[in-house]
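Asker: Sequence:
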Amino acid sequence: MAHLNAAPADTTASVFRCASCRDHYESEDAGPGLCPICNPDEQARVHMLRLLIAEQNDAFRRALGFAALWRGQHLKGRTVATPGFRAIPERTQAALMNAVITFTDWTEDNDPSEDHSFGRVEAYGVAIFWKIDLYDTAYHFGAETPSDPEQTRRVLTLYLPSEH
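One point on numbering: in the numbering used here, the residue at position 59 of the sequence shown is 69, and numbering is uninterrupted.
Don't read these hints as lab results, they were simulated from the structure. The reader is advised that the hints may include incorrect statements.
[What the hints assert, rightly or not] List of simulated lysine to aspartate or glutamate pairs, DMTMM-like, C-alpha gap at most 25 Å:
hint, residue 1, residue 2
1, Lys141, Glu154
2, Lys86, Asp146
3, Lys86, Glu160
4, Lys86, Asp68
5, Lys86, Glu154
6, Lys141, Glu65
7, Lys141, Asp68
8, Lys141, Glu124
Bear in mind the structure is a predicted one, so any value in this text is a computation, not a measurement.
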């Protein structure tokens with residue numbers, strides 16, 4: 011079954027069109043592989059990769075990126091905060107970081123990709139967003155193989171909704 015490459019949807023996934031069923035699908039790791047409509051095994055593989063990335067993102071977030079471990083492997087990356095977050099009183103910052111670390115409120119609305127890469131938390135009446143982006147080892151481009159901790163660097167960003 012041949013697939014035609016279409017324009018990339020973003021830096022971590024490419025969109026492909028199946029030559030058999032003509033459906034469009036995204037692939038983050040495999041490139042132009044088998045269509046999930048024509049091959050349910052591909053759909054299961056993509057779902058499994060998203061679950062692995064979600065596990066890795068959870069481990070990274072719970073450690074705020076410091077010495078994060080997933081299945082015995084170090085997850086490399088960094089945590090950054092915007093000027094708006096840094097302007098919040100330290101006591102509130104600490105409470106917000108704790109809320110990020112302990113976040114478990116996953117829904118279809120806040121996690122449509124099922125990769126646990128975004129959330130919103132509140133403390134002392136202040137709300138922030140947090141997000142995890144996946145980069146290559148040089149932090150220049152999106153990760154080519156986002157489920158591989160050796161080839162992926164994570165950046166956890168803490169920011170105000172007004173900075174979104």
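Asker: Against each hint, give a clear statement of whether it holds in the structure.
Answerer: We went through each hint and held it up to the structure:
As the CA atoms of Lys141 and Glu154 are separated by approximately 19 Å, the hinted pair is consistent with the 25 Å bound. Between the alpha carbons of Lys86 and Asp146 the distance comes to roughly 11 Å, so the proposed pair stays at or under 25 Å and holds. Annotation: proposed proximity of Lys86 to Glu160 holds, straight-line Cα distance about 8 Å (limit 25 Å). Using a Cα cut-off of 25 Å, the hinted pair Lys86 and Asp68 holds, with the two alpha carbons roughly 13 Å apart.
Taking the CA atoms of Lys86 and Glu154, the gap is near 15 Å; set against the 25 Å cutoff, the hint holds. Between Lys141 and Glu65 the alpha-carbon distance is near 15 Å, which keeps this suggested pair within the 25 Å criterion. Only pairs whose Cα atoms come within 25 Å are accepted, and Lys141 paired with Asp68 is accepted, the gap being roughly 11 Å. Distance hint between Lys141 and Glu124 is fulfilled; the C-alpha atoms sit about 13 Å from each other, no more than 25 Å.
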